[in-house]
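Engineer: Protein chains in written order, with my numbering: chain A, 211 to 788; chain B, 920 to 993.
Mixed in with the good hints there might be a few duds.
[Unchecked claim] Below are the BS3-like pairs computed for lysine-lysine, each with C-alpha atoms no more than 25 angstroms apart in a straight line: (1) A:K614 x A:K754; (2) B:K925 x A:K497; (3) A:K754 x A:K741; (4) A:K356 x A:K597; (5) A:K321 x A:K213; (6) B:K925 x A:K485.
Treat the hints as calculated values from the structure; they're not laboratory data.
Residues per chain are reported as follows:
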Amino acid sequence: MDKILRIDMGAEGGPKATTVPTGEYSGLGGRALTSAIVSKEIPPACHPLSAENKLIIAPGLLSGTTSAMSGRISVGSKSPLTGGIKESNAGGQPSQVLARLGYAAIVLEGKPKGDDIYKIFINKDGITITPDNSLKMLGNYSVVEKMKAEHGHKIACISVGQAGEMRLLAASIAFTDTELRPTRHAGRGGTGAVMGSKGVKIIVLDDTGTTMRQPKDPNKFKEANKKWIAGLQSHGVTGQALPTYGTNVLTNIINEAGGYPTYNFKEGRFAGAVKISGEVEADLETKRGGLATHGCHRGCVIRCSGIYNDKDGHYLTKQPEYETVWAHGGECGIDDMDTIAMLDFLEDDIGLDTIETGVTIGVTMEAGLLKFGDGEGAINLVREIGKGSPLGRIIGSGAAVTGKVFGVERVPVVKGQALPAYDPRAVQGIGVTYATSPMGADHTAGYAVATNILGVGGTVDPLKPGGQVQLSRNLQIATAFIDSMGMCIFTAFAILDQPETFQALLDLVNACHGLEMTAADTVEYGKRVLKMERDFNARAGFTKEQDRLPSFFRSQPVGPHNVTFEVNDEELDQVFNW
Amino acid sequence: MRVTTKLFATLRRGRFDIDTFDLPEGATVDDIITKLGIPENEVTLIFVNGRRADRATQLADGDSVALFPPVGGG
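Using the sequences and the hints, build the whole thing.
Structural biologist: Set out below in structure tokens:
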């Protein structure tokens with residue numbers, strides 16, 4: 211992890227790979243590394259699809275080691291969707307594999323002149339970049355199948371589907387899971403469009419002949435990892451709820467709390483929620499011979515994912531996540547699990563952010579293009595995206611664009627990015643994160659739902675503005691640190707409640723890298739990341755006026771609590787004033 | 920008075936998803952948890968009519984009580 215692979219896709223004579231030392235970026239991993247490179251090297255005013263933009267893919271500081279939960283990977287770029295900085299992260303196998311191959315990051319730069327598309331193969335012996343136009347306009351599942359036929363099953367893949375090739379704003383980047391299926395996605399912000407603009411269809415990683423990364427102090431590391439795992443397994447959320455029901459266990463509680471955005475953020479409760487809840491989903495998966503407990507990468511002990519089979523017991527998709535189930539469920543008024551699972555499969559295959567796509571479909575329903583609840587219509591719309599029809603390209607460009615095209619007022623976006631599955635009027639803390647995160651509306655950037663609704667990390671009244679700014683600030687700082695370690699954000703549930711589990715994480719980092727970081731140092735680390743990100747956005751033209759929710763959240767009360775978003779602008783402007 | 924009780928996740932096992940029963944005036948959430956025989960530490964999140972509540976919360980006729988074990992996701 212002491213080298214960076216830079217690939218100039220626009221080099222004279224064809225793409226050229228150069229391996230350079232990490233240099234000034236040493237000590238940075240995951241989000242800290244992607245955001246540092248974006249902030250330092252990308253001209254803030256550049257067009258996101260131009261040769262000047264870069265795509266950075268970085269495992270975390272702990273990825274590739276034996277530490278549990280360290281398989282997250284960060285993707286950074288100037289976002290085509292928001293026009294600001296983007297870090298979108300994903301699970302799957304590539305993080306561990308890339309780290310074991312010794313790379314702190316892959317940086318795709320420049321832009322090829324022709325319209326060839328390329329595959330990049332990386333193993334311990336080096337890098338091969340080959341044009342392969344037979345891969346054009348294949349879905350993620352098909353392109354991965356082709357790579358399996360060529361390179362065998364001991365690979366991990368990073369790819370784009372048709373959406374990325376068409377450079378659509380909702381395009382994701384897919385990462386393969388432990389079954390070598392392209393089901394884990396860096397979904398948010400359209401990074402798939404940037405990869406598509408670089409002419410890269412797929413990166414194939416093979417770590418044959420490599421070993422686990424060795425920590426500087428193996429004994430201390432091993433001891434810390436034991437405590438880390440024990441802490442995660444003893445917490446009710448990471449040890450029981452997530453393994454048993456997956457993330458979709460949230461549907462019932464968010465709906466109960468009146469914060470489940472329904473019919474494009476018109477209402478706060480969905481009558482059909484009970485039919486698409488985590489309890490129902492897990493039961494269905496088990497009955498059909500799928501799996502309700504499954505890790506997205508080796509070394510995961512929370513195992514919040516699963517395998518979703520169709521009515522005949524054949525694989526359909528991985529367990530659709532809470533956000534995905536909501537984006538096509540409550541948001542679109544669809545209460546059929548099989549329809550939602552089909553949408554999940556199609557969007558993984560075409561390479562689309564499920565949040566952005568689901569919200570966009572909701573916006574088209576508001577516009578009257580489809581009726582709320584029309585599952586078949588939703589499936590057809592997503593297929594249009596894959597085909598690249600004019601309508602499909604509009605939908606694949608996200609909620610903000612689609613809302614403008616169809617003349618819709620209620621378009622739930624911040625910085626052009628669609629809101630996730632919590633209504634900011636009924637969960638005011640997450641509204642602060644949506645408004646102020648440098649990423650645009652992103653629940654993972656500072657998950658105030660934990661404290662507002664789930665009673666994790668204390669309690670703050672979700673319906674009132676008091677305490678929300680401080681909560682969001684602290685969570686955004688902590689998250690920036692965790693995202694840089696390659697750690698899954700769900701570890702935060704245990705960390706927030708159990709000081710000894712947070713200490714175990716610190717011990718892991720210190721033992722791995724020979725450091726002596728304290729809790730205060732992690733706060734400084736997180737602040738440094740956020741500062742770089744905000745600085746890039748400021749240079750790209752963002753002001754405090756973009757740190758706002760759409761005005762309807764202040765003017766239109768949402769039931770059942772009849773509340774509006776009450777954190778005022780002056781308070782929002784204090785989030786980063788630490 | 921009539922109170923509707925909803926159970927979620929692991930609390931449903933061997934019990935029910937939703938049920939309505941009669942409680943004496945002045946009953947609290949704790950009375951329901953005791954009546955259902957749910958062990959002390961299993962209920963961590965309580966909502967009454969969609970608002971966060973606790974065991975001591977007094978109930979009124981027509982209330983809807985939702986009980987959850989620890990849950991999380993995102």
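Engineer: Do the alpha carbons of A:K356 and A:K597 lie within 25 angstroms of each other, as the hint requires?
Structural biologist: holds (20 angstroms)
Engineer: Does the alpha-carbon distance linking B:K925 and A:K497 stay inside the 25 angstroms limit?
Structural biologist: holds (24 angstroms)
Engineer: For the pair supplied as a hint, A:K321 and A:K213, is the alpha-carbon distance within the 25 angstroms limit?
Structural biologist: Holds, at about 22 angstroms.
Engineer: Can you confirm whether the C-alpha distance between A:K614 and A:K754 stays at or below 25 angstroms?
Structural biologist: Roughly 23 angstroms between the alpha carbons, so the hint for A:K614 and A:K754 holds.
Engineer: Do the alpha carbons of B:K925 and A:K485 lie within 25 angstroms of each other, as the hint requires?
Structural biologist: Distance of about 15 angstroms is within 25 angstroms: holds.
Engineer: Checking one constraint from the list: CA of A:K754 to CA of A:K741, max 25 angstroms. Satisfied?
Structural biologist: Measuring from Cα to Cα gives roughly 14 angstroms; hence the hint holds.
Hint check: no violations occur; every hint is consistent with the structure.
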